[in-house]
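Number of protein chains: 2
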Amino acid sequence: MSSNSDIDNLIDLMAKLPGLGPRSARRAVLHLIRKRARLLTPLSDVMQQVAATARECLNCGNVGTTDICDICDSEVRATGELCVVEDVADLWAMERAAVFKGRYHVLGGTLSALDGVGPDELRIPRLKDRVTAEGISEVILALNATVDGQTTAHYIADQLEGQVRLTSLAQGVPIGGELDYLDDGTITAALRARKEL
Amino acid sequence: MSSNSDIDNLIDLMAKLPGLGPRSARRAVLHLIRKRARLLTPLSDVMQQVAATARECLNCGNVGTTDICDICDSEVRATGELCVVEDVADLWAMERAAVFKGRYHVLGGTLSALDGVGPDELRIPRLKDRVTAEGISEVILALNATVDGQTTAHYIADQLEGQVRLTSLAQGVPIGGELDYLDDGTITAALRARKEL
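Protein chains in written order, with UniProt numbering: chain Z, 1 to 197; chain S, 1 to 197.
Next up, chain Z with everything else stripped away, as it sits in the complex:
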């Protein structure tokens, strides 16, 4: 190890990022030191900016620099459709696909008895308020196809039943997917939901 405590500190902090372990953190730090002007200084500056300005949208939970995010603030996106996602990363994934024109609601996780996450730890009460307040006609449950995701989807569906149209993302063969590599559950879902050509 280097005797320099700043460099060691930097390695320790980098190793706390998801996807980086101690070894890749050391590699990343050496890379940063080599590209000081082009990478290390700009990265430090922009981190300071983000630390000062980043906040969660009070309405939907998206991450941005304003109390109300651009999507919630945009009149164009008041289509009456509300897409419920687990996490900001899922919202960004939907936005990259650029096909959904409505607004989002970020739960901030899934219900989990094991981890002690109940409806009040997520943004579920706020979701119910929004359905009324924003005149939502359809809630699209875009939760992950995991056990926890689907449990959460069922819970929300129970809570909103009768008030609004409830839909979920289709399940089936992903684009470019090969049958031989798919699990049985996906093939079963795709067969059950088969379409007329």
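It cannot be assumed that every hint is accurate.
Because identical chains share one entry, a pair is satisfied inside a single copy or across any pair of copies.
Unchecked claim - With a cut-off of at most 35 Å between alpha-carbon atoms, the simulated DSBU-like pairs for lysine-lysine come out as follows:
| id | residue 1 | residue 2 |
| --- | --- | --- |
| 1 | K128 | K35 |
| 2 | K16 | K35 |
| 3 | K101 | K195 |
| 4 | K128 | K195 |
| 5 | K16 | K195 |
| 6 | K35 | K195 |
| 7 | K128 | K101 |
| 8 | K101 | K35 |
No wet-lab data here; the hints were simulated from the structure.
Let chain Z serve as the given structure and place chain S on it in line with the hints.
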């Protein structure tokens, strides 16, 4: 994507780190924003520190905060043994093993005709100077067991022949290694260098 250009900037810069792609950079940035006080702010601060103070040792090429690194500066480590490594990461790996008591010389890469890296692009002239100036009795070539690493080792051995004792790291079965998973070259090297029990 978030509409916030600072957050987008941060994602773009993080994606330039080795081991992180666009997807893991997004995950890391969301993690940083969630752990603002405990991770994002300290990371930004320590990056600024490192950007201001980190430098290469003028003698051996190690990374530290002084013109001459602690190892080169320490009289205890003037054992007459000089360990030649490709990269600072290799020096750190040797130091973690805590078995070598001499000094290091970081080449900063390997000779590579394809990439146009000749002896003058590396710290090879400086190595020859140090062998004389520091009264080195043994040069240990701890270069990677790759084609480029071994080519570089041979070149350095040629340059220093007759002036100093030249050794290289032993090749063989790694500790905890299983024969069935080793390549033929390693097994051949281990058999040739077999030892009396």
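Discussion item. Of the numbered hints stated earlier in the document, which are not met by this structure?
Written reply: 5 and 6
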